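Engineer: So the chains spell out like this:
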Amino acid sequence: MGSVLVLGGARSGKSVFAEGLVRAASNAPVYLATARAGDEEMLTRIDAHQRQRGTDWLTVEEPLALVDTLRNEAIAGRAILVDCLTLWLSNLMIADADIEIESKALADCAGNLPVPVVFVSNEVGQGIVPENKMARDFRDHAGRLHQMMAASCDEVWFITAGLSQKLK
Amino acid sequence: MGSVLVLGGARSGKSVFAEGLVRAASNAPVYLATARAGDEEMLTRIDAHQRQRGTDWLTVEEPLALVDTLRNEAIAGRAILVDCLTLWLSNLMIADADIEIESKALADCAGNLPVPVVFVSNEVGQGIVPENKMARDFRDHAGRLHQMMAASCDEVWFITAGLSQKLK
Amino acid sequence: MGSVLVLGGARSGKSVFAEGLVRAASNAPVYLATARAGDEEMLTRIDAHQRQRGTDWLTVEEPLALVDTLRNEAIAGRAILVDCLTLWLSNLMIADADIEIESKALADCAGNLPVPVVFVSNEVGQGIVPENKMARDFRDHAGRLHQMMAASCDEVWFITAGLSQKLK
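Residue numbers (my numbering), protein chains in the order written: chain A, -3 to 164; chain B, -3 to 164; chain C, -3 to 164.
Read the hints as simulated data drawn from the structure, not as lab findings. Here the structure is a predicted model, which is why all the values come from computation and not from measurement. Any given hint could turn out to be false.
As the list claims (entries may be wrong) - Here are the computed lysine-lysine pairs in the DSS-like style, where the Cα-Cα straight-line distance is at most 25 Å:
1) C/Lys162 x A/Lys162
2) A/Lys162 x C/Lys129
3) C/Lys162 x A/Lys164
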């Protein structure tokens, strides 16, 4: 399967679609969550996702060092689901990291992993220009990351209302 | 024709596309409007839509009890255009209804109507995460409803700049 | 090549895609920028775009009189890239112009130019309904303009993460 990027809007069914791809590639896959545990609303979502996936997944939480974690997990030979890149970007911005360097490193890594890996990310750039600068910066970072990831991944899918379109 | 879901952004031409489908299926179709008459901006839109459709349509207004109204109207054997699901969701939230139960009931009904029916709904989940909780809840509800509706409808279309893509 | 509309979200790669189309049609194309020089954030973007395109382009800046400028530039026989229509709409709103008349004039012009022309525009209508009236008006204007332009252009493309889908 190689590397796959799954894009879609909020509640578009992208995580379920991505889980299907990963499960088809491995019967004991890794769920690499980029969410921080500090946010209650987010915890509720993570819990719901975990119940939905079932217990055959190994969950690894890493909000920032995504490239290192991917390389470490890949050694075990399991398929990996990364959910999601937009949360990772948000964590990087809060940590004042260099987003361009981090994005490029992830795209380079994505094209060279020895295991199947599926990246989930939110499309956030098709609404009105946000009024606050941080939100504008965030969607710029997301758009550039998606372009880099789409260029290095083997497949790219866009999910709408649970239905998939293959973009690459 | 069966049941059809037509998704698209604001001013994407989704209503005109949906009207074309319904008109092709029936020469005296029902326009089931979910808009509340209280909102002046909305009334202007409804008026513009009515002028555009012409006089051969029977207009029925129902902001909340969509499933019952669909079943009642279906008895007459005419094709039905429901415009739109996002307004209906908004009305349900204001009425403090159980959105998950209502969404499931509509999706079940959509797959079992004896007349052609076309549902129009706005894609609202591809912009930046909204700052206020109610807007985030709304787009979550819309995304989940779209997934359920897409699963039970026979056809799903996405409209951009007046151009249609068949998703299912 | 005729006339082409290239739509996409923020940082979707739509300008690079459009530049490729224009460059293939002409080795000395015109870059028709609709940006106003007054906005620092925008100037940074224009500079970045200019460095990226290289020096074989003739840059023309016109925030408002797009139809007249297109007709004048078309006399020289070079292909033209218009970047972008959403900024032009924003300038028209600030200038209190009649958006419907201007949009119709541009769409009429787009279908009748004697040179290849590519219009870039932002999809802004697939997020949550904006809270302020001006933003709602803006996305309504953008949606209607996109429908008119898509109807008169020979080709329409939608760009996501640097990947293109042909809509027409």
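Engineer: Which earlier hints turn out false for this structure, listed by number in ascending order?
Structural biologist: Hint 2 contradicted; others consistent.
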